[in-house]
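J.: Sequence:
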Amino acid sequence: MPDRSTLRRTISTLDPALSARIVRRVPMHYAGGADDESDRPAFVRAASSMAWVGARVALVQDDVNFVALVDPATGLADAITLPAGKDNRRQFDDERGNKKFKLDLEAMARVPVPGGTRLVAFGSGSKKRRDNVMSLAFRGTASQFAAEEPSLVALPALYAMLRDERTFAGSEMNIEGAVYIDGVIRLFGRGNGAASADHEPLDATCDLNWRTLHAHIAAPEVAPLPDMTRITQYELGSIDGVPLGFTDAIPMGRAQVMYSAAAEASADASVDGEVGGSALGVIPTDRRKPARWTLIRDEGGAPFEGKVEGLVLDPRDATRALIVVDVDDHTRPSELCEVMLVGPWR
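If you read the sequence shown in the working numbering, its first letter stands for residue 7, the second for the next number, and so on.
Do not take every clue at face value.
Only pairs whose alpha carbons sit at most 16 angstroms apart, straight line, appear in this in silico EDC-like list of lysine to aspartate or glutamate [said to hold, decoys possible]:
1) K133 - D93
2) K92 - D77
3) K92 - D45
4) K105 - D93
5) K106 - D334
Just so you know, the hints here were simulated from the structure itself, not pulled from any lab data.
Produce the complete structure using the sequences and hints provided.
T.: This is the structure in structure tokens:
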């Protein structure tokens, strides 16, 4: 059950001392090219949340049933195949007429496990057919790891609980980020939905105990649901009057969370709209410290007009981050961008 007694609210403010500028871009392609048998495209598309696995970045894609393991230097990726969807397809788009059947995996957390790492990716929940969770474990060291067989589980009871809690879901739920922090999974909901008669769209987070959630993922018919705790609602600012909404989040040390956000004029949570820009921001764990954000700028210093969907920090350079851009076009590869961070981010 949700804990409404401690509902929190946070306002993130534009900080002129922060800077985030793109310094390099690379389109992402599969090293093995397209594969008709598995229905794999030639390139990474509709890139969403990402996480480090060794020296490569693991990416989920919202309309393709593959996890991409990307070399950030070249943009070349190996593919981990997820279970096929309707009609044994793994690509879902308007051209095929099957876009409504996509998994819409939009949020992914990296969870430490003995001997390796587990990636847990969440469907957005913007439609009931998108109530799935993907789990993928990697065993080994940072320099040498092996992927286990991925699992994909429908979790209607979990998503019904999240969707019914309006202090988190707002008028239309759209889960876009997930982080693992101190034994909990924190979900980030994006408030780009349409208002209803009784509710407004919300940017909000909630915490789920990882051990309880993991048990429920493994046995959803018998294991109990985790409680929703630490529900927090956010005002993230706007770009040219269009509200910013969460698109991903990652831990930034133990003291704060870093997030990406996009200003997208969407009719509702399940359709794409015109993008006015994207931002990076930080939310400190200490609530006495302010949440802050800055516009992402392109190589020339102008406001970047793309939709940033995922981010990771460069583990070798605290002044660098990697972001992925979803161009909302299934015929074009997503871009991996290197971003230079300047200012008091920590």
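J.: Compare the structure with each hint and give your call.
T.: Hint by hint, here is what the structure shows:
1. Simply put, K133 and D93 have alpha-carbon atoms about 19 angstroms apart, too far for the 16 angstroms limit, and the pair is violated.
2. Restraint check: the Cα-Cα separation between K92 and D77 comes to about 30 angstroms, which exceeds 16 angstroms; the hinted pair is violated.
3. With a C-alpha separation of about 12 angstroms, the suggested pair K92 and D45 falls inside the 16 angstroms cut-off, and the hint holds.
4. A hinted pair counts as satisfied when its Cα atoms are at most 16 angstroms apart, and K105 with D93 qualifies at roughly 13 angstroms.
5. Pair hint K106 plus D334 holds up; C-alpha atoms about 15 angstroms apart against a cutoff of 16 angstroms.
In the structure shown, a violation is registered for the earlier hints numbered 1 and 2, in ascending order.
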